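Listed below are the residues making up each chain.
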Amino acid sequence: MNQPTQHSALAQWLAVFLKEVKDAWRDRRTLRTVLLLSLVQGPVVLLLISTLASEKENRIDKREIYAQGMQYAPDLQNFIERQAYTIKAPPADAMDRLAAGQLEDAIVVVPADFEQRLQAMEMPAVEIYANSSSRGSGTARDLARNLLQSYAQERVGLTLALRGVAVASLKPLEVQERDMANANARAAQLTGSMIPLYVLIAVLTGAMGAAMDTTAGERERSSLEPLMMNPVSPWALALGKWGAVAALAAVIALLTSLSFIPAQVLIRSDALQALFRYGLSDAVRFGLICLPFAGAVAALLMASSIRGKSIKEAQAGNSLVLMVFMLLPLVSLLNDAAEPDWYYLVPSLAQQTLMLHVLRAEPIALWQWLLPCGIGLLLTVVGLAYVGRAMRSNAVH
Amino acid sequence: MLELRGLSHRYANGTQALDGVDLHIPTGMFGLLGPNGAGKSTLMRCIASLQTPSEGSIRFGDIDVVREPEKLRQVLGYLPQDFGVYPRISAYDLLDHLAVLKGLTNRGARKDTVESLLAKVNLWDVRKKAVAGFSGGMRQRFGIAQALIGNPKLIIVDEPTAGLDPEERNRFNNLLVEIGEQVVVILSTHIVDDVSDLCPQMAVMVGGRVLLQGAPDTLVQGLQGRVWRREIAIGALGEFRHAHKVIAHRLRAGKTVVHVLADSAPDAQCVPMTGSLEDLYFSIVVGARDSADAAVAATV
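Listed in order, the protein sequences are those of chains F and C.
Residue numbering for the first sequence follows my numbering, beginning at 1 and increasing consecutively.
Residue numbering for the second sequence follows my numbering, beginning at 1 and increasing consecutively.
FYI, nobody ran anything at the bench for these hints, they're computed from the structure.
Treat the numbers as computed from the prediction; the structure is a model and nothing was measured.
Heads up, some of the hints might be wrong.
[Unchecked claim] Here are the computed lysine-lysine pairs in the DSS-like style, where the Cα-Cα straight-line distance is at most 25 angstroms: (1) F:22 x F:309; (2) C:128 x F:22; (3) F:22 x C:111; (4) C:111 x C:128; (5) F:22 x C:129; (6) F:56 x F:88; (7) C:120 x C:153; (8) C:71 x C:128; (9) F:88 x F:62.
With the hints as constraints, model all of the structure from the sequences given.
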């Protein structure tokens with residue numbers, strides 16, 4: 001029979017890596033599910049965001065308003081109808097439903113003495129009933145408020161004009177708003193809070209299964225001992241396994257990023273449709289941004305999993321890792337100011353920040369690319385060192 | 001030759017799995033007998049460099065196993081007690097992969113090795129089937145095939161025939177004998193017949209210690225004239241045990257047949273019998289248990 005030879009660490013790594021990749025390829029069903037989920041993320045997320053945005057647009061387009069007691073304010077009624085709004089009587093139980101959050105609308109209530117008080121210039125109080133916990137009710141409230149304020153302005157203008165006072169004197173200065181944000185940045189107001197987070201979640205969940213299978217799964221199957229019996233360095237083993245997990249995570253990152261391109265046809269909001277521009281170069285940049293994250297996540301999840309004697313045990317530890325990486329990007333949502341530089345030191349937060357720059361079509365400085373890469377590399381090395389050491393330790397057996 | 005000196009191992013939870021084990025294992029089959037929890041698997045894992053012992057030394061020829069485990073792994077074949085496999089990989093592909101890890105980088109040589117091993121263990125016909133679907137016996141045969149990759153000089157098989165049917169066990173044992181002629185093969189088992197049939201040298205381990213070592217035939221000689229057989233009533237075992245050193249008992253046709261260890265006939269109804277390796281093994285195990293009980297009683 002043939003004698004073995006001492007082969008290089010690279011050859012060992014390659015052998016382990018290829019075997020892990022072939023093993024993952026053999027499990028077609030799991031692979032199909034994971035990759036399909038990556039492809040579906042984009043359409044689902046964009047559909048969700050655009051549905052939320054279009055709800056608001058539809059409400060505005062509907063041009064309807066619930067009002068009670070409008071018969072006491074014919075002039076107001078006339079004004080509202082001139083704005084092409086339809087005034088509808090609220091249902092009998094409207095107030096109860098509104099209080100219970102079951103009515104996605106607002107109700108304008110006009111007092112019986114509206115006209116008398118208006119004529120006497122005594123400021124009649126018009127009430128707008130809404131439920132601030134309901135998004136639709138809040139939108140309807142804002143619309144009603146704008147209508148009433150516009151009516152009030154018209155009334156004041158007419159009253160002053162009748163007294164020979166120029167209407168322009170009401171406005172001592174003209175305020176002109178100039179929005180410096182480009183179209184992409186404006187679209188990113190809607191998409192920026194969700195798209196990067198979903199890409200990161202896809203990478204985390206996709207890598208987790210593979211990381212657990214290649215570490216705790218080996219222990220559960222009792223296939224780790226026969227593997228360790230060979231003259232393969234634990235680092236080559238750890239690195240080979242990591243390569244396969246990281247490669248899968250990177251593929252998932254790229255597929256999820258690419259899935260947003262065809263998903264643009266599903267956008268239901270006109271405003272978002274007009275503003276959202278996302279092409280191949282954006283998807284590729286998303287993928288590149290996520291590469292160091294994919295590597296670090298693969299190593300850290302493997303490190304977390306290796307102590308588990310079964311996949312179930314590993315899941316408990318990995319849930320903590322996932323939770324940390326999913327919560328970190330929320331830090332940026334709480335910050336109204338420009339992102340501080342330390343964001344680029346924090347994995348997942350750094351990637352989210354970079355992806356937001358891409359969505360806003362903002363340039364990314366070299367240091368902003370390199371810093372997360374360096375942190376990712378460091379975490380990868382630390383994670384793999386732990387895995388390699390654990391594979392040889394007594395605790396694993 | 002494999003030399004173990006003063007080998008001890010204590011697990012993190014305080015369990016003393018090995019306690020000053022000294023063994024000298026020559027080329028050929030070596031049987032390691034012991035009950036469950038004796039420390040056999042721990043010893044096997046220490047020799048196989050899967051675990052670093054707390055104390056002691058292990059030398060295989062020129063190789064200091066504790067200091068240079070990677071050198072041992074180049075000449076080691078190991079079939080663990082629980083040999084796990086990957087879910088979807090075929091026997092051929094898995095053996096090929098393990099051969100690569102073993103260092104058979106030349107594709108042609110590796111192909112020859114894999115094919116000859118599969119034929120040797122009678123798995124050639126199912127080489128393309130997933131190992132996960134193999135029966136217990138087939139899986140053990142695959143296990144020995146992977147242990148034989150690269151012409152190992154030291155082969156460790158840990159409880160290899162547990163759970164196998166008699167035919168599979170026979171087939172496996174024949175394979176072991178065939179490979180055990182030129183290399184060191186350590187067969188760790190609690191099946192006495194396997195050791196008596198296959199091993200010219202053996203040791204008995206109980207409670208982390210080696211209590212007996214030598215050639216089975218020679219060791220059994222020491223029992224001759226000291227093993228007695230008697231039938232007693234089923235309920236009388238407890239009382240009989242108090243009076244005599246019972247090393248084994250079994251139920252047969254409504255009575256309890258006991259084997260007793262004594263220098264002379266314990267009573268008139270005891271008949272002498274030829275001691276077997278099984279009797280020797282039981283005498284060691286029972287003796288160790290009685291010593292342990294006495295030690296506990298003395299401290300109380």
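Hints, one by one, checked against the model:
With a C-alpha separation of about 24 angstroms, the suggested pair residue 22 of chain F and residue 309 of chain F falls inside the 25 angstroms cut-off, and the hint holds. A C-alpha spacing of about 15 angstroms is found between residue 128 of chain C and residue 22 of chain F, which places the hinted pair at or below 25 angstroms, so the restraint holds. Pair hint residue 22 of chain F plus residue 111 of chain C holds up; C-alpha atoms about 18 angstroms apart against a cutoff of 25 angstroms. Between residue 111 of chain C and residue 128 of chain C the alpha-carbon distance is near 14 angstroms, which keeps this suggested pair within the 25 angstroms criterion.
For the given pair, residue 22 of chain F sits about 16 angstroms from residue 129 of chain C by alpha-carbon distance, which is consistent with the 25 angstroms threshold. Under the criterion of a C-alpha separation no larger than 25 angstroms, the hint pairing residue 56 of chain F with residue 88 of chain F is consistent with the structure, at around 19 angstroms. Using a Cα cut-off of 25 angstroms, the hinted pair residue 120 of chain C and residue 153 of chain C holds, with the two alpha carbons roughly 18 angstroms apart. Between residue 71 of chain C and residue 128 of chain C, the direct Cα distance comes to roughly 32 angstroms. Violation of the 25 angstroms bound is thereby established for this hinted pair.
A threshold of 25 angstroms between alpha carbons decides the hint, and for residue 88 of chain F with residue 62 of chain F the separation of about 12 angstroms falls inside it, so the pair holds.
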